[in-house]
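S.K.: Using the sequences and the accompanying hints, generate a full structural model.
Line order of the protein sequences matches chains A and B. Residue 1 is where the first sequence starts when you use our numbering, and the numbers rise one by one after that. Residue 1 is where the second sequence starts when you use our numbering, and the numbers rise one by one after that.
Hints in this document: simulated from the structure, not taken from any laboratory. Where hints are given, some of them may not hold.
Rough simulated footprint, nothing fancy, chain A against chain B, three-plus residues with beta-carbon under 8 angstroms [as the list claims (entries may be wrong)]: (1) 21 to 31; (2) 455 to 466; (3) 470 to 480.
In this text, a Cβ means the ideal position worked out from N, Cα and C, and glycines have one as well.
Listed below, chain by chain, are the residues.
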Amino acid sequence: MTWFNPAGTDWTYASTRLITARMITLWLWFGVPIAAWVVLAVWVTPWLWIGAGAAAALGVWFSVIIVWQVKAHAWAEREDDLLVKRGRLFRRVTVVPYGRMQYVEVHQGPLSRMLGIARVQLHTASPGTDAHLSGVLVDEAARLRDRLTTQGEAKLAGL
Amino acid sequence: MSQSVYRAPREWARVHPVSPILGGWAVFAAIAGGWFYTSGPQWLTGSPVEPGEFDDFDEFEALGIHPALVIVAAVLVVAIIVGLSYLSWYFTQYRIGDDAVYQRSGVISRKQRQARLNRLQAVDVVQPLLARIFGFAKLRIEVAGGEGSATEIAFLRLGDADALRNEILVLAAGHAAPVAADAGAVAEAAQAVAVNFDAPAPSLRDLAHMPEGVPAIPSAAEREMYAVHLGRLVGSMVLSWPFVVMASIPIIVVMAVFVWDANIDQAVAVAVSGGFVTAIPVVAGVLGYFWSILNSGFGFAASISQDGIRLRHGLLETRRQTVPPGRVQAVHLKQSLLWRRKDWWRITINVAGYQDETAAVSTLLPVGTRQDALTALWLVLPDMGDPDPASTISRAMSGTGADGGFTPSPRRSMVYDLLQWRFRGVKATDKALLIRHGWLVKEIFVVPHERTQSLSLKQGPLQRALRLASIEVHSTKGPVIPVADQLAVVDAIELLTQQAERARRGRQRQTPEQWMAAVGLAEEQA
Chain A
1 MTWFNPAGTD
11 WTYASTRLIT
21 ARMITLWLWF
31 GVPIAAWVVL
41 AVWVTPWLWI
51 GAGAAAALGV
61 WFSVIIVWQV
71 KAHAWAERED
81 DLLVKRGRLF
91 RRVTVVPYGR
101 MQYVEVHQGP
111 LSRMLGIARV
121 QLHTASPGTD
131 AHLSGVLVDE
141 AARLRDRLTT
151 QGEAKLAGL
Chain B
1 MSQSVYRAPR
11 EWARVHPVSP
21 ILGGWAVFAA
31 IAGGWFYTSG
41 PQWLTGSPVE
51 PGEFDDFDEF
61 EALGIHPALV
71 IVAAVLVVAI
81 IVGLSYLSWY
91 FTQYRIGDDA
101 VYQRSGVISR
111 KQRQARLNRL
121 QAVDVVQPLL
131 ARIFGFAKLR
141 IEVAGGEGSA
151 TEIAFLRLGD
161 ADALRNEILV
171 LAAGHAAPVA
181 ADAGAVAEAA
191 QAVAVNFDAP
201 APSLRDLAHM
211 PEGVPAIPSA
221 AEREMYAVHL
231 GRLVGSMVLS
241 WPFVVMASIP
251 IIVVMAVFVW
261 DANIDQAVAV
271 AVSGGFVTAI
281 PVVAGVLGYF
291 WSILNSGFGF
301 AASISQDGIR
311 LRHGLLETRR
321 QTVPPGRVQA
331 VHLKQSLLWR
341 RKDWWRITIN
351 VAGYQDETAA
361 VSTLLPVGTR
371 QDALTALWLV
381 LPDMGDPDPA
391 STISRAMSGT
401 GADGGFTPSP
411 RRSMVYDLLQ
421 WRFRGVKATD
431 KALLIRHGWL
441 VKEIFVVPHE
451 RTQSLSLKQG
461 PLQRALRLAS
471 IEVHSTKGPV
481 IPVADQLAVV
491 DAIELLTQQA
501 ERARRGRQRQ
511 TPEQWMAAVG
521 LAEEQA
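M.R.: Below, the structure is given as structure tokens:
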């Protein structure tokens, strides 16, 4: 057993659309500086290609990380709690009991709305609980929100 | 002496009319100070203004403003301030219902808030210095909820504050609505309580021979469990790193003079000229640190009553906290190296709802012996699910490895943790999770299973290389953040699996919201 993976757990992985969304954001950030380096390299001195190359390499490295992260991000609804796992290099599994959920929030930015995905944020009474599900398909997000809310109400325990 | 009875209001009532002054005393003090400085006798204020040499009004006249105008403006400003405070006081009202304390405030935009008693986490009676001098107090009601969920009712006469607190606790415990007794009976009852822990400190009220009065509902009888004497509190400050560093500076200077044969005059000159300016903020900071310890730890006493734990402390500002049973979310015991010889411990707790001034309100024991620490822990977690909790904790305090039934960190973790790895360990009893670590500074976390919010299992790349992992236990907001680092992955996964299960069972059998109703004591007492 190398990592937490209880038998019979039905993991739902994040949608690959999340990769698209994060790539767009990433390359919007990297595109401008790379273009600037390229323009300067053509006009001023070819030495500046080094800068362009470095920026591009960094962008590629971040892209790889994005793919890794999204592929590693998954959640599973169990009988009494929700499991959330994320991260490849720095791995993390969080167990959030339904009875501890104070409220559930579904967040959608313009880009994720275009791609039809959403982010589901779970709130407990602890500020340490950093449990959010990214790249949830919209229908699934609505279903999750309702299910988590009903489960939470049914099993809500006092503080 | 005539006895009056303090009652918590069932109908909307206002706080005491002096509240704006007590709350905004700093502003008034500043105004008074400014007036005193400019208009007080010169020999008192020490201001360089010679009478007759300089006159405010001459200045204004030079600017072409009539002196009368200045006076009118000043009067207007004061009138507006007084008027606004009066309005704000007039519109701030509170009342207690069977299931909540209600408060409404705001002149233009009205604000209503209610503190639901079944979500009650703690009730504090706080007396800032000025309020204390005149026999007033404010009540802070903490309920489970988000940021700023505390309800503060300021200021009430001390008796009113006590009456309100007692009624809140009685209702929250699940007793039926209390029957207001007549004054005579209540007074008798109050005298029957041999040790009146709540005896108010003497105040100007006593000098003015105001009627003493008793609350309509007496506070629950209580027994003092431990107290921190001034000597030990001062001792704990002496045995702290800031003090040791401060005290060692002259020694270092003297040593420098002898060892390097430096000119002592020169050293002193350097210290005074260069060092002084930089030292002032440092010294101020250190003194502030000591002051905060002294101010919050002075006269610290903890006792137990039906309402839960009572903590009482404070030098200038006193605070009497009541935390009902089962409201403590996590406990942290800590011993710094300097305290080890004395075997002194400090305990902090997480209580949901305590959001502000956490340092002042979250201390369960500022400094105490091992025995005090064990008592304190028993106070907040009477049932640790361990046949011999005292011995288990005691062994956690000084043990290493698997001592005391702990699951230790594996030997291989010494690569990252050469000095500490022996001291790391976790243990789960039926009711609580214990985390132990620390080589020089010893720390123990205790988290009841039913109070666990959520759990995380974490692993970084370096940990992965050695098959190690960390477990985080998420508690409510507070100073206690329990983490178990450098466990073997297998142990960590096992712990996470079992802990999720234990927390589930714990939630099912946890202390219900109305603690007295749960054990059938409510009917018995009624």
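S.K.: What hint numbers does the structure not satisfy?
M.R.: 1
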